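Chains as they are written, first to last, in my numbering: chain A, 53 to 395; chain B, 53 to 395; chain C, 53 to 395.
In short, the hints are calculated from the structure, not lab data.
Quantities reported herein were computed from a predicted structural model and do not represent experimental measurements.
No residue lacks a Cβ here, since even glycine has one placed at the ideal position from N, Cα and C.
Don't take each hint at face value.
[Unchecked claim] Partial chain C-side listing against chain A, Cβ under 8 Å, derived:
no., residue
1, Asn57
2, Gly59
3, Thr78
4, Gly82
[Said to hold, decoys possible] Anything over 12 Å on all C-beta distances counts as not near chain A; from chain B, calculated:
no., residue
5, His95
6, Ser99
7, Phe103
8, Thr183
9, Met198
10, Asn203
11, Gly261
[Said to hold, decoys possible] SDA-like, lysine to any residue: derived pairs with alpha carbons at most 20 Å apart:
no., chain 1, residue 1, chain 2, residue 2
12, B, Lys148, B, Asn184
13, C, Lys281, A, Val54
14, A, Lys55, B, Glu254
15, A, Lys55, B, Asp237
16, B, Lys55, C, Val259
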Amino acid sequence: MVKTNPGRFFEDYTVGETIHHAVPRTVSGGERALYHALYPARHALYSSDEFARACGLPASPLDDIAAFHVVFGKTVPDISLNAIANLGYAEGRWLKPIYPGDTLRSSSEVIGLKQNSNGKSGVVWVRTKGTNQSGEVVLDYVRWVMVRKRNVDAPAPDTLIPELKPALEVADLVVPEGLTFDDYDYTLAGEPHRWGDYDVGETIDHVDGVTVEEAEHMMATRLWQNTAKVHFDATLREDGRRLIYGGHVISMARTLSFNGLANAQIVAGLNAGAHANPCYSGDTIKAWSEVLDKAETGVQGVGALRLRLVATKGGAPFTLKGEDGKYLPHVMLDLDYWALMPM
Amino acid sequence: MVKTNPGRFFEDYTVGETIHHAVPRTVSGGERALYHALYPARHALYSSDEFARACGLPASPLDDIAAFHVVFGKTVPDISLNAIANLGYAEGRWLKPIYPGDTLRSSSEVIGLKQNSNGKSGVVWVRTKGTNQSGEVVLDYVRWVMVRKRNVDAPAPDTLIPELKPALEVADLVVPEGLTFDDYDYTLAGEPHRWGDYDVGETIDHVDGVTVEEAEHMMATRLWQNTAKVHFDATLREDGRRLIYGGHVISMARTLSFNGLANAQIVAGLNAGAHANPCYSGDTIKAWSEVLDKAETGVQGVGALRLRLVATKGGAPFTLKGEDGKYLPHVMLDLDYWALMPM
Amino acid sequence: MVKTNPGRFFEDYTVGETIHHAVPRTVSGGERALYHALYPARHALYSSDEFARACGLPASPLDDIAAFHVVFGKTVPDISLNAIANLGYAEGRWLKPIYPGDTLRSSSEVIGLKQNSNGKSGVVWVRTKGTNQSGEVVLDYVRWVMVRKRNVDAPAPDTLIPELKPALEVADLVVPEGLTFDDYDYTLAGEPHRWGDYDVGETIDHVDGVTVEEAEHMMATRLWQNTAKVHFDATLREDGRRLIYGGHVISMARTLSFNGLANAQIVAGLNAGAHANPCYSGDTIKAWSEVLDKAETGVQGVGALRLRLVATKGGAPFTLKGEDGKYLPHVMLDLDYWALMPM
Chain A
53 MVKTNPGRFF
63 EDYTVGETIH
73 HAVPRTVSGG
83 ERALYHALYP
93 ARHALYSSDE
103 FARACGLPAS
113 PLDDIAAFHV
123 VFGKTVPDIS
133 LNAIANLGYA
143 EGRWLKPIYP
153 GDTLRSSSEV
163 IGLKQNSNGK
173 SGVVWVRTKG
183 TNQSGEVVLD
193 YVRWVMVRKR
203 NVDAPAPDTL
213 IPELKPALEV
223 ADLVVPEGLT
233 FDDYDYTLAG
243 EPHRWGDYDV
253 GETIDHVDGV
263 TVEEAEHMMA
273 TRLWQNTAKV
283 HFDATLREDG
293 RRLIYGGHVI
303 SMARTLSFNG
313 LANAQIVAGL
323 NAGAHANPCY
333 SGDTIKAWSE
343 VLDKAETGVQ
353 GVGALRLRLV
363 ATKGGAPFTL
373 KGEDGKYLPH
383 VMLDLDYWAL
393 MPM
Chain B
53 MVKTNPGRFF
63 EDYTVGETIH
73 HAVPRTVSGG
83 ERALYHALYP
93 ARHALYSSDE
103 FARACGLPAS
113 PLDDIAAFHV
123 VFGKTVPDIS
133 LNAIANLGYA
143 EGRWLKPIYP
153 GDTLRSSSEV
163 IGLKQNSNGK
173 SGVVWVRTKG
183 TNQSGEVVLD
193 YVRWVMVRKR
203 NVDAPAPDTL
213 IPELKPALEV
223 ADLVVPEGLT
233 FDDYDYTLAG
243 EPHRWGDYDV
253 GETIDHVDGV
263 TVEEAEHMMA
273 TRLWQNTAKV
283 HFDATLREDG
293 RRLIYGGHVI
303 SMARTLSFNG
313 LANAQIVAGL
323 NAGAHANPCY
333 SGDTIKAWSE
343 VLDKAETGVQ
353 GVGALRLRLV
363 ATKGGAPFTL
373 KGEDGKYLPH
383 VMLDLDYWAL
393 MPM
Chain C
53 MVKTNPGRFF
63 EDYTVGETIH
73 HAVPRTVSGG
83 ERALYHALYP
93 ARHALYSSDE
103 FARACGLPAS
113 PLDDIAAFHV
123 VFGKTVPDIS
133 LNAIANLGYA
143 EGRWLKPIYP
153 GDTLRSSSEV
163 IGLKQNSNGK
173 SGVVWVRTKG
183 TNQSGEVVLD
193 YVRWVMVRKR
203 NVDAPAPDTL
213 IPELKPALEV
223 ADLVVPEGLT
233 FDDYDYTLAG
243 EPHRWGDYDV
253 GETIDHVDGV
263 TVEEAEHMMA
273 TRLWQNTAKV
283 HFDATLREDG
293 RRLIYGGHVI
303 SMARTLSFNG
313 LANAQIVAGL
323 NAGAHANPCY
333 SGDTIKAWSE
343 VLDKAETGVQ
353 GVGALRLRLV
363 ATKGGAPFTL
373 KGEDGKYLPH
383 VMLDLDYWAL
393 MPM
């Protein structure tokens, strides 16, 4: 009997089943320091305990995207080890901040299946939950991936395509308990722009660029215990480069967006996301944002901005798709999320 | 007077003397996070405080191999700065887990000396102990190295070759106090295979590969305060590559072995180890294991597996030596250790 | 309105104004572990809580140069984003050790201005203070940079060149409260040489070399939230190399100086510093020191050494300037600092 994990194939998933993912993880100041070393992370709420306390939180939480990586990483051996493509995200919600000492685990419910017409692969939809040591769900999101079949003769399952919101509404978002921006210090935060200063349709070129290196993305990807071979083994491609984990691009773009969105402190909702083109070592990542929507959260002084965050490797800012409707080759990421910021 | 440390030469060692190594080190969550960033470390006991508590420990300890590196690193300036070769290990025992906040120091007793027939170098055997802030020995092991003579005319010492066990017996191993696998969660641990599922002679190809980069191995080696020049200074070799610390290969191979040995949680004994061929940046490390022996520890539910762990750079799995009895060129590490796992 | 930070230009500074820098930062064991991973840091006081306690401190502080980086990094977006050159440092004093859990912020007072004769740029002098969560100043230093003008027609400010001490006197230095070397353990510290063993004029070749990699210096620079584009964006230079943050060279040289100056535990004063030539990935950094002065601090058993620390990339040790009085091309750093050590 082979003891190593071959990963699941398309015919191994059943709608309604819940997969409990392995390797729970306790986070500490170490994960926070590494996040700051790997990305140009500067949002003050995630950098300073004092700033976080002034905002009503007990301490500075783990960066929201880092929390996403921890939860996501655990799903890889069960969901995407044999994936051909990571197709999309929806309905992602951050429900509770993560603090040093918290222990996270993940589970995924299969909520949709559709065999491809070629009979060789299919699409699997899962709703993944991250849970802390008290059993509280801290994060959940839907993700769908295209997965190979082990046996092309395996019968096709009934097709079930889940109904997913094209975008969360502001009422779906959870504002962290106790959060207040009443004593918010814009000088310490780094920019004066508040929620009221952003207009729907506004675009921001985040200006700065970071050229990525093999050592960095591998360290980041390992930190989240993501085991997908393509990120680590140079022998899988002729040019010796490793495919960079899409989440590395998300973190790089989000942290670069500090410059222009320093007060968009909290990532509260993930509406959609596409890894439009791959990222490799040597690429220089830049980012731009577009304000898609804005709303009041109902918590006094806390506004929500819906933002498109685009990561590029070259090309002009604010260009996204060609006339054929396809992403331009320099676009690596098109992410649609909700951020919370002072009004 | 030269104030820098020239290191010791063969004639500087005396059987029976104890060398107290410099630079004690307090570990924290930072070292744990870095270990997860540098290696694909996934053993649940070293990842989750909650999992460790369910196993009877107060918290998640520092990875056993990381503890070895901390203790080993301190010995380098006194033992191996002028070493020609790192010849072997024996009788290594992990006696007490290390927790964040613990402070480690190292000392080595010279237990054997043998001048080489060429008169230019000799072999030094030391038994190294790692001690915590309470003076408890947390780890000890024997290591022997070939060291240059400063003065070839220095008289040869009396030859003393210590008697070393070819392998520890299970009775030599120390099971951490309080350890229990009674409530062991195989799902969270990542694999269903328990002690009873492994047979002596069984081999496991751990499948995954990691291509190593200069930045990573230097960060790892520095983290353990190992100062050997060959790991850091590219001008020492014509091709600019740095010789990778053998311990980096040990950690990479051990963490890769999660895939197939996820429940071999604890490294309790080091029987032998050979750094068969050097590792350089760009090499892709893979690993395979062979079950050499198995035994009950006497602690209820805790079994011991004696494992050969082989790290390779290319070549077929399960190939080790050629017809001439020498290691094949793609074999970098041949390690013989005892692991503790649930029965 | 452009929301990203364009940085300040020469005409944006006014003598007497105080700039409060953004993004406060709480440090933890994670920053300490990363400092040990990024540099060959071995000074025992910054490695072991037990050693620090034996020296009268409550725990092992964050390395003094790391504390400098944290304070310095915050100033970059306001002071040196449009800088042409980082011209010098003076009157730097470490006033209070930083411990895990401390939160640092920075502010800078403009203390001097001088427009260059070309009318296109000018020199700005600032005195920067790092402050902890209790409002105590933990570090201050003067730095001057050459900054571009946005508008060459902007009127020149009145010239004010601040009077700066060519070097701090020993009476200016602050010995950390409670510090005692009465029970100092030279074996654990790594070298026997005490204050009395060093002579003014003595030079020390620190022997070891480290070849630097892109991934490492970017991680270090990001860790301190230094956002200067030139360190991260390979597209800014034709050869794709990134200019390495001068502070990376300072940390590398200071930690390399352990070998010969292991007991120069504490950096207490920064007299002057010149980044003589740039450092790029692939350069092999070596270091040498010269004892410039020595003095008693007035605290029993605590001596001060004034040291020149020179970082090189090639060239013979102890060579600094050519016949033309200019730094030789292999000299990257010429730093003048005061260290505290046991007498």
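Comparing the hints with the structure gives:
Satisfaction of the interface hint for Asn57 (chain C) is found here, the shortest Cβ-Cβ separation to chain A being roughly 6 Å, below the 8 Å cut-off. Annotation: interface hint on Gly59 (chain C) violated; nearest CB of chain A at approximately 10 Å, more than 8 Å. Interface hint status for Thr78 (chain C): upheld, as the beta-carbon distance to the closest one in chain A is roughly 4 Å, under 8 Å. With a cut of 8 Å, the hint placing Gly82 (chain C) at the interface with chain A holds, because the nearest CB-to-CB distance is about 3 Å.
For His95 (chain B), the requirement that its beta carbon stay farther than 12 Å from each beta carbon of chain A is not met, with the minimum near 8 Å. The non-interface label for Ser99 (chain B) is inconsistent with chain A: the shortest C-beta to C-beta separation is roughly 5 Å, within 12 Å. Non-interface status of Phe103 (chain B) relative to chain A is broken: a Cβ of that chain comes within 12 Å, the nearest being about 6 Å off. The claim that Thr183 (chain B) lies off the interface holds: its Cβ sits roughly 24 Å from the closest Cβ of chain A, which is beyond the 12 Å cut-off.
No Cβ of chain A comes within 12 Å of the Cβ of Met198 (chain B); the nearest lies about 32 Å off, and the non-interface call holds. Even its closest Cβ contact with chain A, about 42 Å, leaves Asn203 (chain B) beyond 12 Å, as expected for a residue assigned away from the interface. Distance check on Gly261 (chain B): its Cβ comes as close as 4 Å (rounded) to a Cβ of chain A, failing to clear the 12 Å threshold; non-interface status is violated. Annotation: proposed proximity of Lys148 (chain B) to Asn184 (chain B) holds, straight-line Cα distance about 9 Å (limit 20 Å).
At most 20 Å may separate the alpha-carbon atoms for a hinted pair to count; Lys281 (chain C) and Val54 (chain A) exceed this at roughly 50 Å. Between the alpha carbons of Lys55 (chain A) and Glu254 (chain B) the distance comes to roughly 11 Å, so the proposed pair stays at or under 20 Å and holds. At roughly 17 Å between alpha-carbon atoms, Lys55 (chain A) and Asp237 (chain B) fall within 20 Å of each other, so this suggested pair holds. Restraint check for Lys55 (chain B) and Val259 (chain C): the C-alpha separation of about 11 Å stays at or below 20 Å, so the hint holds.
Violated hints for the displayed structure, listed by number in ascending order: 2, 5, 6, 7, 11, 13.
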